[in-house]
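The numbers in the sequence shown follow the working numbering, run straight up by one, and end at 289.
By construction, these hints were calculated from the structure, which means they are not laboratory data.
Remember, it's a predicted structure, so these values are computed and weren't measured experimentally.
Virtual Cβ for every residue (Gly too), placed ideally from N, Cα, C.
Treat the hints with care, since some could be wrong.
[What the hints assert, rightly or not] Beta-carbon label-pair distances, calculated as ranges: (1) Pro76 to Ala204: 28 to 36 Å; (2) Val222 to Asp53: 46 to 54 Å; (3) Arg31 to Asp282: 17 to 25 Å; (4) Phe174 to Asp120: 20 to 28 Å; (5) Glu239 to Ala58: 52 to 60 Å; (6) Ala88 to Ser135: 28 to 36 Å; (7) Gly127 to Thr54: 29 to 37 Å; (8) Gly285 to Ser55: 16 to 24 Å.
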Amino acid sequence: MKVLVTGSSGRVGGAVAARLSLRHAVTGVDLKPGPLTTELTDIEDTSRLAALLPGTDAVVHTAALHVPDLAARSAADFRAVNVDATCRLLAAAGEAGVRRFVYTSTTSLYGDAMLPESGAAVWVTESLAPRPRDIYDETKLAAETACADAARAGLTCVALRMSRCFPEEPRLMAAYRLHRGVDAEDVAQAHELALAPELEGFAVFNVSAPTPFVEADCGRLFEDAASVILERFPWAASEFARRGWELPRMIDRVYVVERAIAELGYRPQHGFADWFGPPAR
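Work out the full structure, taking the sequences as your base and the hints as a guide.
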């Protein structure tokens, strides 16, 4: 396939472009240079993007303003980049005969719906109604709505709601693999799977690391997460202690990827246990 990837110099876009380039012809688009960026172009430059689309089979749209941009960019900027530019790219893709559009969305858009209100962690499936809490959430949800509209007009669209993927404190990154974090390589895998020809219309999938928990654990996860973790991973206490870390005492949400596993064939390879490498357990 011929695939155009926006945001190809970024952490996620770069991982996606790298994976796709193993099997497909990739055109990478970004404002900044990168190993797989072939076009230095602003995603707001609709005419330039449109010129790249003829003969393209699929668009993977990772470029956006993100949470770190909230401090420096206005609400108008977020709407212009995350919503308006996405709408124009969708329209250009449809006009160019592109068959598939994969949109990199975020679990953040669930927003306040992820706040525990019944003394239990929130079991976050795609059926949880989003309650955006800031302009980032609002614009990512609006872009998904634009994808759904484009699908009704005939362009197959898939929105992938990915969880936390950016570098942060190692203790947090390890713990988040239990319930709300993901490796960029698994995100890239999901994007490649979303190009499958059998998908039609509009679909939304959570993309995160595989959780070892089940919905029945949610009460205990909120009250005493460490005990549940040790039931699944008895070695976790020593691994955390060796690093001077404490096991999480409370988990407030669990991102569920069962739909992606069942319908996309998603097989995340970087879970909680993998974070620690081959152990002497």
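Hint check:
1. Pro76 to Ala204: 28 to 36 Å: 32 Å, holds
2. Val222 to Asp53: 46 to 54 Å: 47 Å, holds
3. Arg31 to Asp282: 17 to 25 Å: 24 Å Cβ-Cβ, so the 17 to 25 Å window holds.
4. Phe174 to Asp120: 20 to 28 Å: 22 Å, holds
5. Glu239 to Ala58: 52 to 60 Å: Because 54 Å falls inside the window, the suggested range holds.
6. Ala88 to Ser135: 28 to 36 Å: 31 Å, holds
7. Gly127 to Thr54: 29 to 37 Å: 49 Å, violated
8. Gly285 to Ser55: 16 to 24 Å: Because 48 Å falls outside the window, the suggested range is violated.
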